[in-house]
Every structure is written in structure tokens, then in C-alpha cells.
Amino acid sequence: MISIIKTIWTVILHMFGKRETVQYPDEKVKLRPRYRGRIILSRDPDGDERCVACYLCSAACPVDCISLQATEDEHGRRYPEFFRINFSRCIYCGLCEEACPTYAIQLTPDFEMSEPERPNLVYEKEDLLISGEGKYPGYHFYKVAGLKIKDKDKGEAENEDEPIDFKKLLP
Amino acid sequence: MINLDWSALTAIGILLGVFTLAPGLIWLERRLLALWQDRYGPNRVGPFGIFQVIADMIKIFFKEDWIPPFADKFVFFIAPGIIMLTVLMSFAVIPIAPGIGVMDINVGVLFFLAMSSLGAYSVVLGGWSSNNKYSLLGGLRAASQMISYEVFMGLSLLGVVAMAGSFNLREIVNAQAGMWNIVPQFFGFVVFTVAGLAEMHRLPFDIPEAESELVAGFHSEYSGMKFGMFFVGEYIGIVLISAVITTFFLGGWHGPFLPPLVWFFIKLFAFICFFILLRASLPRPRFDQLMSWGWKLMLPLAILNLVVTGAVLLAVRQGH
Amino acid sequence: MVTIYIDDKSYEVEKGQNLLQAVLSLGLNLPYFCWHPALGSVGACRQCAVIQYRDEDDKEGNLIMACMQPVQDGMRISIEAAAARKFRASIIEWLMVNHPHDCPVCDEGGECHLQDMTVMTGHNYRKFRFKKRTHRNQYLGPFINHEMNRCIACYRCVRFYRDYAGGKDLQDMASHDYVYFGRSEEGILQSEFSGNLVEVCPTGVFTDKTLKKHYTRKWDLQSAPSVCHHCSLGCNTLVGERYNKAVRILNRYNRRVNGYFMCDRGRFGYEFTNSNKRIRKPIFEGKVEDFDRDSAAAKTSELLKDRSKVIGIGSPRASLEANFALKSMVGEHNFYSGLSARENKLARKILSILRNGPARPASLHDVETADAVFVLGEDLTNTAPMLDLAVKQAIRNKPIDDIQQIHIDRWNDAAIREYLQDEKGPFYLATPSWTKLDEFAAKTYRAAPDDIARLGYAVAHALDESSPAVEGLPDEIKTMAEEIAGALKNARQPVLISGMSMRSEAVIEAAANVARALCRDDRKADIVYTLPECNSMGTAFLGGYDLEKAFEDVENGTADTVIILESDLYRHADKTQVDKFLEKCANLIVVDYLKNRTSEGASAILPAAAFAEGDGTLINNEGRVQRFFQALNPDPILQESWRWIRDIMIKLDDKKAEKWKALDDISDAVLNSLEGINPKIEIAPSANFRINEQKIPRAPMRYSGRTAMYADKSVHEPKPPDDPDSPLSFSMEGFAGPRPSSLISFFWAPGWNSVQSVARYQQEVAGELKGGDPGVRLIEPGDHAKPEYFKTIPDAFKPRQDEFYFVPLYHIFGSEELSNEAEAVSELVPDAYLALNKRSAEKTGVSSRDKVKVSIKDGQISLPVKIMNSLPDNIAGIPVGLPGMNYFELPAFGKIAK
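Those protein sequence lines, which keep their order, are chains E, Z and H. Each residue of the first sequence is one higher than the one before, counting from 1 in our numbering. Each residue of the second sequence is one higher than the one before, counting from 1 in our numbering. Each residue of the third sequence is one higher than the one before, counting from 1 in our numbering.
Careful: at least some of the hints might be erroneous.
As the list claims (entries may be wrong) - No farther apart than 20 angstroms at their CA atoms in a straight line, the calculated lysine to any residue pairs in the SDA-like style are these:
#	chain 1	residue 1	chain 2	residue 2
1	E	K150	H	R136
2	H	K838	H	S870
3	E	K168	H	S175
4	E	K150	H	Y139
5	H	K299	H	K651
6	H	K549	H	Y570
7	H	K866	H	S847
8	E	K168	H	Q171
9	E	K6	Z	R284
10	H	K895	H	S847
11	H	K277	H	M885
12	H	K131	E	I164
None of these hints come from the bench; they were simulated from the model.
Only chain E is shown next, with the shape it has when bound in the complex (with noise of 0.2 angstroms):
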């Protein structure tokens, strides 16, 4: 009895405390880095795309909103053909951007992307591809894959040696 009393009055006390309402659209909101907004897709530090259509982030999404399809250029490099993320489903919660193993999706604190029309919230790869590197500058994951692509041939990735020639028995 005593307890409710006196969490009543805790509750009318409040009446003078501080308001923590931030008046946002007068007020700007103050986002931290690692805030989880937007999804970008980031560019490595050759301005290539990062992304390899691995699929990862799409099997993650636990919303099954990211959807995309791998394609290959002439020199074998993989990327997405289409990266589409439909944002009136997205739930912001930043498990694409665990999964990604080249940190080419990544999640930037910008929450301003309302839109009147649903259709306006799906996002083609166009819409997500930034020009930058994001929060992460300097990997580069075709310097350390095994694959060959342009100007990289076999054994010129990172931690790689000349391609064997097989037709050498010797040791």
C-alpha cells in the first residue's frame, strides 16, 4: 500500500522533470557513428564496387528484404547485376552488415527517408552505391581472394604465391 502511495507520488513528481522529447524536426537529432540507419553500398578504395553478390546479406535479412542477382564481368570479377532493398520492410537491424565479408553493406546514421509512396522505399542498387569507402577505408577483398580478375592474375593477391606449374615434378 505503502509502495503504491509512493510510487504515485515518484510519478507526480515527474510532472517538473526534465522533458526528454527531442522537438526532432526543429531539434536535430545527435546520431552516433555506429548508428543504424540507411543501408550504402560502399566502394573499395579503387572506386570498384565492393559488393560480390555473395548473398549473404540477403540470406541474414531476417525480413528476406534484400534481394539481388550475381553476375560476372569478362575478367571474372563478381558483382551484383541488381541489389534491390525494399526499406518498407527493412528493420534497420544491421544483421546484413554483420554478415557482409567484404564490408561493402554497411548502415549510416541517417534515418530521414520517409516517402509517401511505398514504391519510393525500394532501393535499386543505384540509390544505395556510394562513391566512398564507409566506415571501414582500405580492405580490399579481391587484394586477398584467390580469384583472378582484371589487372590481378593468380598468385598476385595477397599472401600468395606464383601459380604452380604442374608439369614440374620436381619439389
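Dock chains Z and H against chain E, hints included.
Chains Z and H alone, transformed into the frame defined by chain E:
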């Protein structure tokens, strides 16, 4: 031209008043809750966000009125009407000020109790006809909760009736001219307040709705204006209980300096704010806790209050 | 049964297997790489290490390789012992030392055995500080992508390719950690079974190139159980779909039919469903129309009203339901099977031989377990490729049986191969020309079809005196016949293989005689006949007149309107005849999925669903009736042929058709119409089959992109379409637990994402699927049936002056209609040619690559010469079905002119 007499005008006035008060309460509640929770509440639409109510009303009128295909259509349709009807009927006996009131009957207390009991049908039928397990559970809870609390709600009023010697609400108010009933009938007041909250399944006793367990309880399947009627019915219920408490325990329109009507509304609003404060601060009890408080605490308390009141009254009268 | 103790728990296991097999059959997890249920154990990868204890008191134990250890009664082992776990983790760590950082761009990712095993052992961090060795890749043809960096040197690829499938051009090269698996020179892989490398390779060295074009992860594929449509064997497959396109075929294990492997035509032929020759809209009078189903059916039905006589031509590549619907529509007397007179006769002859017995129609698995094989007239590699693979296994059986005294278990692959070297069991092959199986045969016989038949009759006579004797047989053939007869007689399970490819009734009868002679003394013999197409056997069951009669009917004017179901008449009849026939038809209605010469001038072409887009039932060469299911949802205008016919029938007020609401209705009607078949058999669970009131999902649980894949068209996610025809759902929703074997739409088990998870669907490793292997055999001849011998022995082949005897030749890639339209397969289709041996070529005065004019009866064609020395004198071979080839009624005499 229609010849309207004074009583018809007051009746229409009260009806309109209640109807405007209820939506106003929604705004008031949201603002007050925000105030106690360090927020602002609706503050964008119009001055102090007051037009939020209008926006909400427009919205609810245009919402799709959907009846689930698996529901019992007829019962589903009438259930929200019942609560509106019974709550509004109860207002008929409330004496607002001398000369202001819809009707003045000598069994006003019984009429009020009868009407508020009928309200249980609305909830039970709504829950049953939805044909949904959550709704049904909500309806069942509502039935047992309302029936239990009705018992000592009536008992708690008997002390007041005994003191006034009448079932007529105006006479009860007049009997408090010297001293408000809250002082001699403090236990009755406490029991009635709790019972009133439970009867209107108002927070913290919103166990039939209990959104954390039962989605929205008996009105899970309701939408559009049918939901709106449940919603508004609940708010009119708050006004009703506050008005009844004012009448029974706080001396109705009695008070110094200010005109009677103003006194009535001051008391009414104080109580409404108190109810909102309860919502802001108290957690919902478990259903079994609610039932055991009712039968094991409230009922003995109400009976004891009645017995003591009776004894004191007898003693005083014999003393004369 | 013996009892073994694993981690102090006792288990009952079958004797004669190795410990790894036993452990996996029990459903326990033990990682492995080099072992494969079909390839056996070699103990190379050291991954399946467990601790074996001497007895209960032994706490130390020894490390053993589970795959090399036979199960013994009372054996005590531990999988979970710390030492074993640590050992296995360190093995993976070593294997991963050179494995590239490729998973995100690797096509194997998500169904990679190496990924699974790495997770299973718990290795997760590369501590090795030195550089990774790298390899250059090779171009291996249109089917297989090569990425050698990923190799972990388990040797499974060469063991499959060379040892199991008899290929020669893939090999292991270089030494120590430089070891390289590839060809000595870049080039197209020569084996017809190269596609299996995709499934055999535990990592991403060999991946499916056709899938790579529209690459999708396994978890995103919506797949359905299907049946291969590219030959008569009816191998079970899984069709994978993404974004409404068939993107790959995987083998679907069925112990009785295709086991763990399938051929490249079956695996890569599916691409015809994405070909630009597909009919995707109704076409009326050459105009593509944007009709819906109803108006297309209405418009077609108008063509059929007030017609004096409508005839229907069915197809051996259409489902039973489609053929049946057409037969019901036009009536039994106006239904034509879609086969030429000879094909029709041969198919029915085969059916009656199989039905009369007493030899049992053998499944592929029966052929694999046979210990003596006699092939009459069939070039198996090209007409029924999986039989080729089965025969290659069968020829090892007798030598293996013979060495049981040295006590080497059958699964002990390396030891057995070392001991046997090239020893082969009895396998005799009689064909007109060289086949890829020649090198495995004990004896081969090159001759004209009639002579092949005579050899067959002679063998039958040698087995049973009461069978008709062949007059005037040369001595060497007689001796050969006696040798073959002796080998077959001594065999535990002899199998006869013949078929329609020689187009010779005599060959088929001869094979039947041999089988019957073998069965005389209550002994068992198996017989296999191959047929040309996936539902040729079904066509034989359903009946119908031959094409020649249809031509006559139209010529006489008794019929003026023709409905052609999924058939290109030019593949079944002479060009001039078909030309005349099509000209004469007043109305030609075609229901098909591929444009072809027949449909060019049709009044109406209705777009039919190809195998991946619809459901249906096929009967394979063994008489096994099997259901294939829809994997993708095409444009609604594409529907199964039987639905088109039903819709037209309804428009024509035919009451029969109104009952055919879904597949089950018409499928029941088909079974009821077939003579001598129990209509109660269950081909697959019916459409209202549910487990826990749920359908069976086509997509795996981790299927992704559902709320985004069509968001560019509409943000309202479409409801997954209903499937009235099967208990499968078009989504990942449904019952996730064990499902009936005929409804397996993907192989997956917790911890096992690769195809190796098939072990969890089997009653025991390499055994029957849980719930029995799918498919129902319709033909089970009585044991005591003793039918008469065939007596019409053909005369020996007599060459004619200035004429050649033309025999058909077959190509795995090229002789089959549908796979020819598949992008990857079409790269390997050879150009048409005329084959002659060198002597014949010199006699006619032509040399290799010369263009010559071939005339057989009325037909003529101009072809370049190809020297094929294996052909006998005076016999010429022409390839069947290659693009640009015409149909000829073969074998037949004809002329060659410069």
C-alpha cells in the same frame, strides 16, 4: 417549432457534454501521461495539440470497418453499441447541479448499478462473437471480473445510502451538505473507487484487454468505428465513475464561493486526473491477484464498512 | 548385425561395412572427404579419425581412420574423444592452409562439404604464416568451371572420373602440395559424366558453369523433384529455380534408378527451358497474341468446331496425362502415338516382351549389380548414358566376387583396384560401329543389325537347344556365341541390354530369346531395353496409330484438322511426307514449348509448360512410373498441355474434361484407362497430402529476398501461388521434417548443407531412401511364365552392288531433341556427317570431309564424309537427330553419290 422544455434541453446538453468530454479526455490523458513520463504528448496539431482529437476522430471514421468472416456477425455488430448505451443511460441519474440533471428517480443508485452491470454484456458478447481465442479469453476475464466487483461495489454504496436514508442521488448529495461522505465513509470510498476502476476495466485493471498477453482482449478483432465505440465507451465510463464518486462521496455540487456547476466539474476533473495518474503509475495485477483482492479483501472491507456504519447509525439514532 | 560401442553407447549395425558408413548410417556426425558412398574408401584424407579402445578398461586407445576399419562385434570407439577431435581439427587446418579466401565468390558456398566439415571440426582461424600456393585454371568445356586454388587434394575427382566413370582426360599431376587436378592440356572434358564432378568435389574446384551464368545460392533455389526428360531411363533429378528461371539440375538419389550420379545430357540439357526458341505466347496464324488462357482456348476451339474429322498426334516426350487428354479429346480411333510405324511397332514389341517375361526388366541399379552383360545393338554411351556407367560398374562384379577369398571388403576401393588392375568380368558388345564401351568389353562384334540379331539367336540356341538355331553361321561367330552363352550361364545375375536404337525388330527379339533361354531352368535373368524418349514406354502403354496412318488419313481427306502435342514430326517421319501432310491439313493446332519446323505454319500454337513448369507422369524404359513436379511459376499463359486440351474440350462442351480439375483427377483417369495396371497405385502422394496439416516446402528454410525480389514491380508481396496439383508449396513454408521420398525437393540436414546430406535421407548409407525409393514398377512378369521363342531369324546381311546399308549412329549431345536447344549442350553438338570405313570410302572414291549426296528411298541429303574405320564394309552410318539432319527410315539401303 418544437416546443422544448427545460428538462429536455438539459438532457441534450448533458449528452453533448459527455460526447465532447470523452474525446477531450483522450487528449487530456495523452498529455497527462506524457507529463508524468517526461514527454510532451501530442503537441503538433493546433494549440497544445488539442486538434489531435479531431484528427484522430476523422481517422477512425474513415478506417475500414471490417467484420471478420469467422465472427458471429449480429452479436459482433451489437456488442459495442451496448456499452455506449448503458454508460450513457447511467448518466441520466447523475445530478450535476441543483436543477441540472436528466431525471430524478428515487431508485437512482439501483439504476446506476443495473446499468453498469449491463455493460458487462457488451464485453462478453464482443469477446465471444469475435470467434478468436484471445477475444474469448478477454471476454471470460471481463465477465468474472465485472461480476465479482459488482458485488462489493453495491455493498460499498450501501453505507452512503444508509447515511442519506435514500436511494435518490439528489438526496444523497443534499445529505452531504454538512460533511462530504468521504470522511465518514472513507472505506466505502476506497472500495468503490477500486470497484469502479475494475468495473470499467480501466487501467490498471484492464485485464480483459491485457495487450501484453491477449493482444487486445475482447476487442482484438474490432476495427474502425466499432472499435471506436468500445474506446469512447471506456472514456465515458471514466467520466461516469468520476461523476458517481463526486456524487456519492465528494458532496456533488456542494462547495463554498463558486457556483455549484463549477464545483461539480472541479471535482469531476480532479477524479479523472487521478484515474489517469493511476494509469501512469501502477502496473497491471495478475488476474488471480485481482480476484483474490476482490473476494478476500474488498468484500470483507465493504461488509465491515456497512456493518459499522449501520451500528453507528443505530447507536446515534438511539442516542436521540 | 553386430554391436558396436560409440562413446559408451551401444548400437546395432550391419556387418560388412566400414565404420564411417556405420556411423553415418546411425545419423551421427563424423567429417570425411575422400570417402564417397559410391566410390568407397581409400583412407587418404585422414579426416574421419576416431579413437578405438581395446576394451572397457582401455582409456588411451588408438587413433584409427573410420573409413578403413571394418565394423567388428564389440568394437569400442569414440568420436567425441578430445584426442580425436583435436586430430580432426588439425587435419582441416592443414587442408585450409592453401585454401583461398574465396567463399563469397565461390559457387560452392552454401552447399560446400569443406565448409560443413570445417564448421563440424571447429577449426576457424588460419595460424599458418606463410604464403598460399596457387594454381592456374583450365578451360574444361561449357559444363564445368575450374578453380584449382580451392583444391584440398582429396582425389575424389579423379577417382570418380577415371576409376568409376572410365574417363581418361582428367588426371592428377605434379607432386606433394603442388598436386594438380586437370587435363594435360586445356580443353573440353571428354567424359559424358563430367557434370558429376560438381557433386563429387567437396569444395568449389569443379562447379556448374550453367548455374554460374545466373548464379544463385543453394538456399535461394526453389526446387522440385523432377524426372529427367532427355532419355528413356528416367533418372530422378532436382530442378532449381530462381527468379522464374530454371537454373540448375542436381541428381536426386534414387537407389533403384540413378543412385549418386547422372549424365551430362540430363544435368545440362535443362537449359532448353530458357532457350529463345520457347513458345511463350499463343500464336494464331503466325501472329503472337496477348491472350489469356480462356480466350486462347476459345479461339482454338473455334478452329475445331464444325470440322469433319479431327485427329490428335501424341508424343513420346509428353507426359502420360497430356497424351491421355488428347486421346480422350479426339477419341481412341483418331489418336496417333506420334511415332512412325516402325517406332510404334518396336516400342510395343518391347512392352509385350517385358510383360510376358520371364526375364525381369532391370533397373539401372540391377545392371550395376549384374555380373555378366551382353549388349545387342546399343551404343549405350549415346542412347542411354547412365546405362554405360552402370555397365562399367557391372563388369567389376565378377572379378570382385572371385577374390572374396583374400578378404578385402568391397568398399576398400584402393586395395581392390590395386589387386584387380584391369581385370574385367564378362561383357559382350555387338554394335555396328565403335562405341566408348568397347575397351571394357571382353569381346566386341561389329556387324549390320541383322547379323547382330543372328548372333543373339545363336547365343540363345547355345543356351537352350530348343530355341531356334541359326543357319549358316560362320564358325568364328559360332564360337563367340558359345563363349557368350557360357559366360551368361555361369553368371549369378546376367543382364541383356538391347533397344530401339538400331530400329531393328530382329535385334529386340534376339535379345528376348537370349533372356528367355537363360530363364529356362528357373534361373533369373534381367533384360533392359532402351527407348528413344522419356515417355516412349508411356506411349507404348497408351497405344495409338502410327504417323503413316495419319498421313494417309489427311491425304484421303478423311481428316482435315490435326492437333499435334509436343512433337516435331520431322524427327519421326520423312521430310517430303511431312511437308505434304502439313500442306494438306486445313487446320493445324500445335501445343508445344519449343518452336520447331512442324509448328511453323500452324493455325494455332498454344504455349505449353516445359518439364520445370508443370507436373506430369512418365514411364521409363523399365516400366517405372514416376512423377515430376513443377519447380517454377511461369507466366500464367504457359500451362501443362493437358490443361490446354482440357480447356479446349470444355469450350467444345466435352463433359469428360470438366472432371479434370487438377493433376490427380487426370492422373487417376490415366491409370484407370491403362490395361493390366492396378489403378490404385500411388505414383506420388496426392495433392491433398499433408504432414501436420502442412504442405511440403519447395524452398529451404533460409530462402531469401521474399519481400524484395518483385518489389521493383510492386511493393505488395505476391501471395505464393497455390499448387492444386501437388502437396508441395511454392515457398519455404510448410513441414520442415522428414518427407515422403517422392517429394524430396532438396537435400539438407542440420550441419550438412552439401549434397552429402543425402545420407540423412537414406535408411542406411547408399541404401534405399527413407520411406522407400520413389516410382512404381508397372511391369513385374510372373516367375513361371514360359513364353514361346521368337522364330523369325533374319538372313545374314548381304551387301548390294553400288549401294550402302545405312545404320543410325547416335550422339549423347545432338541426338536428343530438347537438349539440343540447351545453350551449353549445343556447343558440343557435332555437325551432321556420313560415316564410312576407309575401304568403303576408297571404293566410292570419296575422302574425309568431301560433301556427298546421300539418298535413302525418297529422302536425300548432302553430308560431309567422316571416316569411321570401326564400321563394317558396305555399311554407312548417319547420325540421328543432329540439327540439319532429316529423318530416314533406318536401317535401309541407299546410295552415296559425289
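query = Is E/K150 close enough to H/R136, meaning Cα to Cα at most 20 angstroms?
reply = Roughly 15 angstroms between the alpha carbons, so the hint for E/K150 and H/R136 holds.
message = H/K131 and E/I164 were given as a pair; does the straight-line alpha-carbon distance stay at or below 20 angstroms?
response = Status holds; Cα separation ~13 angstroms.
ask   = Does H/S870 lie within 20 angstroms of H/K838 when you go C-alpha to C-alpha?
value = OK: H/K838 and H/S870 at ~9 angstroms, within 20 angstroms.
inquiry  = Check whether the Cα positions of E/K6 and Z/R284 lie no farther apart than 20 angstroms.
reply    = 16 angstroms, holds
ask   = Under the criterion that the straight-line Cα-Cα distance not exceed 20 angstroms, is the pair H/K866, H/S847 satisfied?
value = Given that 20 angstroms is the threshold and the Cα spacing comes to 8 angstroms, the pair holds.
Agreement of H/K549 and H/Y570 with the hint, judged by alpha carbon distance not exceeding 20 angstroms = 15 angstroms, holds
inquiry  = Between the alpha carbons of H/K277 and H/M885, is the straight-line distance 20 angstroms or under?
reply    = Measuring from Cα to Cα gives roughly 18 angstroms; hence the hint holds.
query = Does H/K651 lie within 20 angstroms of H/K299 when you go C-alpha to C-alpha?
reply = 9 angstroms, holds
request  = Would you check the hint for H/K895 and H/S847, treating anything up to 20 angstroms between C-alpha atoms as holding?
outcome  = 16 angstroms, holds
task = Below or equal to 20 angstroms on CA atoms is what counts here, so check E/K168 against H/Q171.
result = 15 angstroms, holds
ask   = For the pair supplied as a hint, E/K150 and H/Y139, is the alpha-carbon distance within the 20 angstroms limit?
value = 18 angstroms, holds
E/K168 paired with H/S175 [C-alpha distance capped at 20 angstroms] = 8 angstroms, holds
The structure is consistent with each of the numbered hints, conforming to all of them.
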